[in-house]
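J.: Generate coordinates for the entire structure from the input sequences, incorporating the hints supplied.
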Amino acid sequence: MDQKNFIVAIVLSVLIIVGWQAVFPPAKTPPPTQTASTTASGPAPAPSGASITPGAPGAPGAPQAPATAPAAMSLDQALAQSPRITFKTPELLGSISLKGGRIDDVQLVKHRQEVDPNSPPVEVLAPVGTEHAYYAEFGWSASDAALKMPGPDSVWTTDQKTLEAGKPVHMTWDNGQGLVFALDITIDEQFMFAVKQSVDNKTDKQVTLYPWALIVRYGEHKAEGSTVLHEGPYGVFNGSLKELGYADFKDNKQQKFQTTGGWVGFTDKYWMATLIPDQKSKVDVTVKGTGAGANIKYQIDYVGSPVTVAPGATGSTEGHLFAGAKIVRMIDAYRDKLGIDRFDLTIDWGYFSFFTKPLFWLLEWLYVQLGNFGLAILVLTVIVKAVFFPLANKSYAAMSKMKALQPEMEKMKQRYGDDRTRLNQEMMQLYRREKVNPAAGCLPIVVQIPVFFALYKVLYTSIEMRHQPFFGWIKDLSAPDPLTILTGFGMIHWQVPEILHFFNIGIWPLIMGVTMYMQQKLNPAPTDPVQARVFQFLPIMFTFMMAQFQAGLVIYWAWSNTLSIAQQYFIMRRHGMPIGKAKAATVPAVANGGGGESGGGKKSGKGSKKG
Numbered sequence: 000m001d002q003k004n005f006i007v008a009i010v011l012s013v014l015i016i017v018g019w020q021a022v023f024p025p026a027k028t029p030p031p032t033q034t035a036s037t038t039a040s041g042p043a044p045a046p047s048g049a050s051i052t053p054g055a056p057g058a059p060g061a062p063q064a065p066a067t068a069p070a071a072m073s074l075d076q077a078l079a080q081s082p083r084i085t086f087k088t089p090e091l092l093g094s095i096s097l098k099g100g101r102i103d104d105v106q107l108v109k110h111r112q113e114v115d116p117n118s119p120p121v122e123v124l125a126p127v128g129t130e131h132a133y134y135a136e137f138g139w140s141a142s143d144a145a146l147k148m149p150g151p152d153s154v155w156t157t158d159q160k161t162l163e164a165g166k167p168v169h170m171t172w173d174n175g176q177g178l179v180f181a182l183d184i185t186i187d188e189q190f191m192f193a194v195k196q197s198v199d200n201k202t203d204k205q206v207t208l209y210p211w212a213l214i215v216r217y218g219e220h221k222a223e224g225s226t227v228l229h230e231g232p233y234g235v236f237n238g239s240l241k242e243l244g245y246a247d248f249k250d251n252k253q254q255k256f257q258t259t260g261g262w263v264g265f266t267d268k269y270w271m272a273t274l275i276p277d278q279k280s281k282v283d284v285t286v287k288g289t290g291a292g293a294n295i296k297y298q299i300d301y302v303g304s305p306v307t308v309a310p311g312a313t314g315s316t317e318g319h320l321f322a323g324a325k326i327v328r329m330i331d332a333y334r335d336k337l338g339i340d341r342f343d344l345t346i347d348w349g350y351f352s353f354f355t356k357p358l359f360w361l362l363e364w365l366y367v368q369l370g371n372f373g374l375a376i377l378v379l380t381v382i383v384k385a386v387f388f389p390l391a392n393k394s395y396a397a398m399s400k401m402k403a404l405q406p407e408m409e410k411m412k413q414r415y416g417d418d419r420t421r422l423n424q425e426m427m428q429l430y431r432r433e434k435v436n437p438a439a440g441c442l443p444i445v446v447q448i449p450v451f452f453a454l455y456k457v458l459y460t461s462i463e464m465r466h467q468p469f470f471g472w473i474k475d476l477s478a479p480d481p482l483t484i485l486t487g488f489g490m491i492h493w494q495v496p497e498i499l500h501f502f503n504i505g506i507w508p509l510i511m512g513v514t515m516y517m518q519q520k521l522n523p524a525p526t527d528p529v530q531a532r533v534f535q536f537l538p539i540m541f542t543f544m545m546a547q548f549q550a551g552l553v554i555y556w557a558w559s560n561t562l563s564i565a566q567q568y569f570i571m572r573r574h575g576m577p578i579g580k581a582k583a584a585t586v587p588a589v590a591n592g593g594g595g596e597s598g599g600g601k602k603s604g605k606g607s608k609k610g
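The sequence shown lines up with residues 0 to 610 when you count with numbering that gives the first Met the number 0.
These are computed hints drawn from the structure, not numbers from a lab. Please note that the accuracy of each hint is not assured.
Unchecked claim - Here are the simulated EDC-like pairs of lysine to aspartate or glutamate, each with C-alpha atoms no more than 16 Å apart in a straight line:
#1 195 with 122
#2 201 with 173
#3 474 with 463
#4 109 with 340
#5 87 with 163
#6 109 with 130
#7 279 with 242
#8 268 with 463
#9 279 with 187
#10 166 with 152
#11 474 with 115
#12 109 with 188
#13 336 with 187
#14 195 with 317
#15 221 with 247
#16 336 with 188
#17 160 with 183
#18 221 with 199
#19 221 with 130
#20 268 with 250
#21 268 with 130
T.: Structure representation (structure tokens):
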């Protein structure tokens with residue numbers, strides 16, 4: 000029974016780690032203000048009941064991007080299509096197009112596409128004309144169709160050629176009808192753009208305008224991660240997180256929301272582009288897709304409350320655009336500094352966020368002290384072992400008793416043959432007489448499942464782990480071990496087909512499997528031959544299963560196993576237990592309930608094979 004419980008606990012732990020969010024994805028509870036429609040044609044509805052002419056120019060909604068993207072061209076060619084304002088900060092490099100006033104060229108200075116530091120920088124936003132155009136715009140619309148509004152083809156003017164951190168650039172566009180529009184764009188030293196939209200009314204009539212902002216993304220997008228991590232459109236609406244998939248907007252579908260506060264945008268595994276409206280103003284949000292195949296585009300936009308501008312007066316509003324890496328400390332700092340509602344949810348910490356995020360903070364603190372995330376993981380493992388020391392102590396003492404009872408249990412099996420009911424009754428009496436809990440060995444594994452899953456989530460989600468080296472051949476703890484069997488452990492250079500990845504086992508997964516086997520040899524052997532064979536197969540199964548996991552997670556498990564082996568060996572020696580199979584000479588002492596291995600003993604020890 001104890002071995003059944005042990006095996007079930009291990010298998011369940013893996014299912015939880017690997018399959019939980021795939022089988023049970025987070026519930027997508029829509030905010031109460033959500034409405035949905037099945038077409039993406041036509042402009043966004045007018046706020047506050049303003050009457051509009053559907054499809055008319057200048058309608059109070061965000062404009063539509065071109066239905067199809069132009070033929071793909073190089074980045075340099077695309078950038079040359081419009082005069083630009085360039086910028087370079089400690090974190091960002093890029094430019095703003097004066098045509099459309101688009102923020103459409105953003106690259107990350109400190110993050111590369113590959114581990115090689117000479118590889119190209121990560122591209123967050125890209126101009127129209129490139130293969131995957133991706134940009135943000137800010138503008139105005141009006142109920143009066145006769146008023147000319149700035150749009151995608153409007154060319155703004157400025158006397159500035161560069162944008163510096165903390166120093167805004169001033170751009171203007173005159174509609175020729177007495178309205179002068181302005182964009183004042185500021186960038187900080189990290190990833191946030193502040194955009195002040197204003198309009199100067201030089202007419203003799205009052206005008207009512209509607210501010211909008213949008214993000215457009217062209218092309219099909221394959222998630223870099225999996226169902227464990229959300230990638231795609233998402234946002235916080237009235238305090239509730241809403242995660243949407245790209246597939247939700249195929250066939251020209253759209254969804255609409257209303258919210259006060261919050262944010263909307265697109266997220267990838269490590270990067271995002273997010274619009275942040277005035278947190279005190281009510282906005283109408285639309286998420287939609289148009290086109291199909293290579294020509295599909297996705298758009299997220301919001302339309303703010305109407306701004307009424309008297310003759311000779313100026314009206315304005317302000318919003319923000321985050322375009323960059325999802326660095327935890329920066330995200331939290333923006334949330335607090337700008338008062339952005341639940342901005343920390345831009346990082347997908349999962350169901351166990353209450354535990355995952357503190358674990359991340361501890362791991363990052365250890366990294367600051369040690370200078371290596373791999374060493375931080377090793378020390379974290381020791382800390383986890385120390386926290387669960389009392390529980391592991393009790394568990395290993397119980398396992399030592401169980402090992403001492405093995406000869407007696409084998410005799411019972413021979414005595415009662417196929418009478419499973421009588422055999423189970425006698426075994427339970429034996430457990431009670433010797434004060435042994437057969438499930439005690441499973442407890443450390445069960446309680447450490449959240450630790451294992453949380454570390455898995457941290458390694459998989461946080462950009463802080465990306466491209467972080469350990470020692471030797473491990474150059475990226477967030478990626479699988481690169482030295483694998485099918486590459487001759489680095490001597491054969493070829494692209495292993497995806498169908499063979501299951502068999503492509505690296506050095507660290509092999510080390511993990513060996514440590515798991517060694518720890519298994521210290522455990523009580525199952526009396527049932529079938530259980531024994533299954534139990535012996537577990538290290539092999541886990542070696543294959545862990546082959547494609549992040550190297551940091553495999554290192555954690557292998558080190559945890561090693562610590563558990565040392566602890567368990569020490570406890571068994573302290574209790575006088577032989578290492579390996581229990582000897583028949585111990586049976587009389589056990590059967591008589593006397594000393595030897597079954598006599599309770601002092602408790603010491605630790606953890607489980609999983610850590």
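J.: Hints first: check each against the structure and report whether it holds.
T.: Status of the hints after comparison with the structure:
1. The suggested pairing of residue 195 with residue 122 is violated, with an alpha-carbon distance near 25 Å, which exceeds 16 Å.
2. Between the alpha carbons of residue 201 and residue 173 the distance comes to roughly 11 Å, so the proposed pair stays at or under 16 Å and holds.
3. Distance restraint check for residue 474 and residue 463: the Cα-Cα separation of roughly 14 Å lies within the 16 Å cut-off, and the hinted pair is therefore satisfied.
4. Straight-line distance between C-alpha atoms of residue 109 and residue 340 comes to about 28 Å, which puts the hinted pair past the 16 Å bound.
5. Note on residue 87 and residue 163: the hinted pairing holds, with a Cα-Cα distance of about 7 Å set against a maximum of 16 Å.
6. Distance restraint check for residue 109 and residue 130: the Cα-Cα separation of roughly 23 Å exceeds the 16 Å cut-off, and the hinted pair is therefore not satisfied.
7. A hinted pair counts as satisfied when its Cα atoms are at most 16 Å apart, and residue 279 with residue 242 does not qualify at roughly 22 Å.
8. Restraint check: the Cα-Cα separation between residue 268 and residue 463 comes to about 12 Å, which is no more than 16 Å; the hinted pair holds.
9. The suggested pairing of residue 279 with residue 187 is violated, with an alpha-carbon distance near 22 Å, which exceeds 16 Å.
10. A threshold of 16 Å between alpha carbons decides the hint, and for residue 166 with residue 152 the separation of about 26 Å lies outside it, so the pair is violated.
11. For the given pair, residue 474 sits about 10 Å from residue 115 by alpha-carbon distance, which is consistent with the 16 Å threshold.
12. A distance of roughly 13 Å separates the Cα atoms of residue 109 and residue 188; the hinted pair therefore holds under the 16 Å criterion.
13. Taken as a hint, the residue 336 and residue 187 pair is honoured in the structure, with Cα atoms around 13 Å apart against an allowance of 16 Å.
14. Restraint check: the Cα-Cα separation between residue 195 and residue 317 comes to about 4 Å, which is no more than 16 Å; the hinted pair holds.
15. Between residue 221 and residue 247, the direct Cα distance comes to roughly 14 Å. Compliance with the 16 Å bound is thereby established for this hinted pair.
16. Under the criterion of a C-alpha separation no larger than 16 Å, the hint pairing residue 336 with residue 188 is consistent with the structure, at around 14 Å.
17. Restraint check: the Cα-Cα separation between residue 160 and residue 183 comes to about 14 Å, which is no more than 16 Å; the hinted pair holds.
18. Among the hinted pairs, residue 221 with residue 199 is inconsistent with the structure: their alpha-carbon atoms are about 44 Å apart, more than 16 Å.
19. Simply put, residue 221 and residue 130 have alpha-carbon atoms about 14 Å apart, close enough for the 16 Å limit, and the pair holds.
20. With a CA separation close to 25 Å, the supplied pair residue 268 and residue 250 exceeds the 16 Å bound.
21. Pair hint residue 268 plus residue 130 does not hold up; C-alpha atoms about 20 Å apart against a cutoff of 16 Å.
Hint check: violations occur at hints 1, 4, 6, 7, 9, 10, 18, 20, 21; the rest are consistent with the structure.
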